[in-house]
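Number of protein chains: 2
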Amino acid sequence: MSVVAEVLEARIATGARLIRWLEDADPRGRTALRELYPHTGRAQVIGVTGPPGAGKSTLVDGLIAEYRRLGRRVGVIAVDPSSPFSGGAVLGDRVRMQRHAADAGVFIRSMATRGQLGGLARSTFDATLVLDAMGYDPVLIETVGVGQDEVDIIQLAHTTVLVSVPGMGDEVQAIKAGVLEAGQIFVINKADRPGADQLHRQLEMMLHLRESGGDASAAWHPPLLATVASRDEGVPALAESIARHREHLEAGGGFARQLAERSEQIMLGELRSAVTARIIARALDDPQAAAIIEKVRERRIDPYTAVDALLARFDLVTAAQT
Amino acid sequence: MSVVAEVLEARIATGARLIRWLEDADPRGRTALRELYPHTGRAQVIGVTGPPGAGKSTLVDGLIAEYRRLGRRVGVIAVDPSSPFSGGAVLGDRVRMQRHAADAGVFIRSMATRGQLGGLARSTFDATLVLDAMGYDPVLIETVGVGQDEVDIIQLAHTTVLVSVPGMGDEVQAIKAGVLEAGQIFVINKADRPGADQLHRQLEMMLHLRESGGDASAAWHPPLLATVASRDEGVPALAESIARHREHLEAGGGFARQLAERSEQIMLGELRSAVTARIIARALDDPQAAAIIEKVRERRIDPYTAVDALLARFDLVTAAQT
Numbered sequence: 001m002s003v004v005a006e007v008l009e010a011r012i013a014t015g016a017r018l019i020r021w022l023e024d025a026d027p028r029g030r031t032a033l034r035e036l037y038p039h040t041g042r043a044q045v046i047g048v049t050g051p052p053g054a055g056k057s058t059l060v061d062g063l064i065a066e067y068r069r070l071g072r073r074v075g076v077i078a079v080d081p082s083s084p085f086s087g088g089a090v091l092g093d094r095v096r097m098q099r100h101a102a103d104a105g106v107f108i109r110s111m112a113t114r115g116q117l118g119g120l121a122r123s124t125f126d127a128t129l130v131l132d133a134m135g136y137d138p139v140l141i142e143t144v145g146v147g148q149d150e151v152d153i154i155q156l157a158h159t160t161v162l163v164s165v166p167g168m169g170d171e172v173q174a175i176k177a178g179v180l181e182a183g184q185i186f187v188i189n190k191a192d193r194p195g196a197d198q199l200h201r202q203l204e205m206m207l208h209l210r211e212s213g214g215d216a217s218a219a220w221h222p223p224l225l226a227t228v229a230s231r232d233e234g235v236p237a238l239a240e241s242i243a244r245h246r247e248h249l250e251a252g253g254g255f256a257r258q259l260a261e262r263s264e265q266i267m268l269g270e271l272r273s274a275v276t277a278r279i280i281a282r283a284l285d286d287p288q289a290a291a292i293i294e295k296v297r298e299r300r301i302d303p304y305t306a307v308d309a310l311l312a313r314f315d316l317v318t319a320a321q322t
Numbered sequence: 323m324s325v326v327a328e329v330l331e332a333r334i335a336t337g338a339r340l341i342r343w344l345e346d347a348d349p350r351g352r353t354a355l356r357e358l359y360p361h362t363g364r365a366q367v368i369g370v371t372g373p374p375g376a377g378k379s380t381l382v383d384g385l386i387a388e389y390r391r392l393g394r395r396v397g398v399i400a401v402d403p404s405s406p407f408s409g410g411a412v413l414g415d416r417v418r419m420q421r422h423a424a425d426a427g428v429f430i431r432s433m434a435t436r437g438q439l440g441g442l443a444r445s446t447f448d449a450t451l452v453l454d455a456m457g458y459d460p461v462l463i464e465t466v467g468v469g470q471d472e473v474d475i476i477q478l479a480h481t482t483v484l485v486s487v488p489g490m491g492d493e494v495q496a497i498k499a500g501v502l503e504a505g506q507i508f509v510i511n512k513a514d515r516p517g518a519d520q521l522h523r524q525l526e527m528m529l530h531l532r533e534s535g536g537d538a539s540a541a542w543h544p545p546l547l548a549t550v551a552s553r554d555e556g557v558p559a560l561a562e563s564i565a566r567h568r569e570h571l572e573a574g575g576g577f578a579r580q581l582a583e584r585s586e587q588i589m590l591g592e593l594r595s596a597v598t599a600r601i602i603a604r605a606l607d608d609p610q611a612a613a614i615i616e617k618v619r620e621r622r623i624d625p626y627t628a629v630d631a632l633l634a635r636f637d638l639v640t641a642a643q644t
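If you read the protein sequences in the order shown, they are chains A and B.
Mapping to this note's numbering: the first sequence position 51 is 51, numbers consecutive.
Quick note: to get this note's numbering, add 322 to the position in the second sequence (first position is 1).
Okay, chain A solo, but in the shape it has when bound (with noise of 0.2 Å):
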């Protein structure tokens, strides 16, 4: 049997092989893509994100087991940003999920950077492409909510869940706060610690704020639900805000749109990386380019002048006026 028709079997050994192809850039990975593109759009795709500490794991492994409750087979991407100096995922907590671990129904898989060509986004992009041909619906993606990697990871989402927590300092609320914008979904997690009722009231009251300057027609309103997920309390009532979403988004036709932009914004990335690529290894053929590399590293001119010298070089400046 192919590849392909065993990942549309959902065959977990084949949908890791493939995951890993297209991590390591082997043609096979893009021809087997190709054939699945079309079997791919329909699971909702979730992003759970917070700052470190929030309890995003237990909660994703809270969410695992009432969509397996509710018959539903569940993709988890977990992604680590802060791999590309350690080499390797750093698990942490998530090893609670193994209970898991020995049921066909759930595909969880870790991401790090190191080794995948492309960035983080576009590997979690493609991980929840084979999830979603597999037929794994809802894909959840587990990020911690700080920095550039974690906006392009959220941007993959049909729905982003933001996780808080009470009591972990006024830094952290910060942080929290500019990520605010991103989120469909807020939870505070571990809601039976002190300081639960103030952060709700912060985050009422950043929601409020946020309401008053956007578009209130067919908006969607952001639900401020509480949980304690290592005792599955408020889980369910998760799940149900996160089904609301998508049942929000297809009547209005964002289900569609959202991955018609996430492809987009996959393609152009890849067309930089492309291109790129390409234009430096010309620039390394070509002596007069490589001089003027040469002065960069030697810092005799700036890097910005370098770049429109061989932007010049490679007639790229005309190209882009005609």
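Think of the hints as simulated: they come from the structure by calculation, not from any bench.
A portion of the hints provided could be inaccurate.
Partial selection, computed: residues in chain B whose CB lies under 10 Å from chain A [what the hints assert, rightly or not]:
# : residue
1 : R352
2 : Y359
3 : Q524
4 : E586
5 : T598
6 : I602
7 : I623
8 : F636
Here chain A is said to cover these stretches of chain B; the calculated rule only asks that three of the stretch's residues, wherever they fall, bring their Cβ under 8 Å from a Cβ of chain A [to be verified]:
#  : stretch
9  : 588-597
10 : 615-622
Please read these numbers as outputs of a predicted model, since none were measured by experiment.
Note that the Cβ used here is the ideal one computed from N, Cα and C, for glycine as well.
Model the placement of chain B on the given structure of chain A, informed by the hints.
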């Protein structure tokens, strides 16, 4: 007097204006930078990074006071990576640094992503050059230690100070372990808190593991320091370690090499953006290319197939192979 002359005379208002021009891609910024470039490369650039809540701002504030005591003029770039959503720098407790606001020997600049062409790392690089040309030395870059942006920014620094704090839970420690390899100086801040001894042992063990894996000859052995930044405890010792790292770099040629490498990285990043912008501009003017992009939006072809088609259309596949 020209902008360049005023920057070299360390006029703060002019320096701030030049940084803004560079952020906005105002051509006057590039012109001035080209002239200023020979006057750069003197400042030691120091990254101060760590998880939210580690007390980085307080530590930076303490370092400013220490450097002022030593008669040094200090530049500070406070980077906020979370702001693509919020549209402004999250200042949080950075306000504390304001006690230096009236001191002409201190230049503090907050940076956010929004509105900056070419990304946060490039803007931070530009600001570092301006502060360097103004004669500030050292230049401190404060940033939260999570995400790819952070990695890029950390790579701008000659010396990276990794700040940890006791009692922040396992996930935080795991992320910190992930960025371990980037640090040249390790600080346990809030070292009067419970758990400091345990964190010290953990970091010591990780540093030992890291050293045993690397090249031992002429290597820098990262010191592990304890501070209580809110009481200025341990801050002079940190400043000494930073000075020793500079000596180490200068002795081994690493100081100049670091500058050359970061110039090259910035050039490649700029080349990437510039080339892609030109290719996309061409594609939008070209009906066949526009049709390919439209197919991606309609999800009729996958983004990777589209990239191959676009590259072929612009003859870039051949260009790379010749």
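Unsatisfied constraints (hint numbers, rising): Structure breaks hint 3 only.
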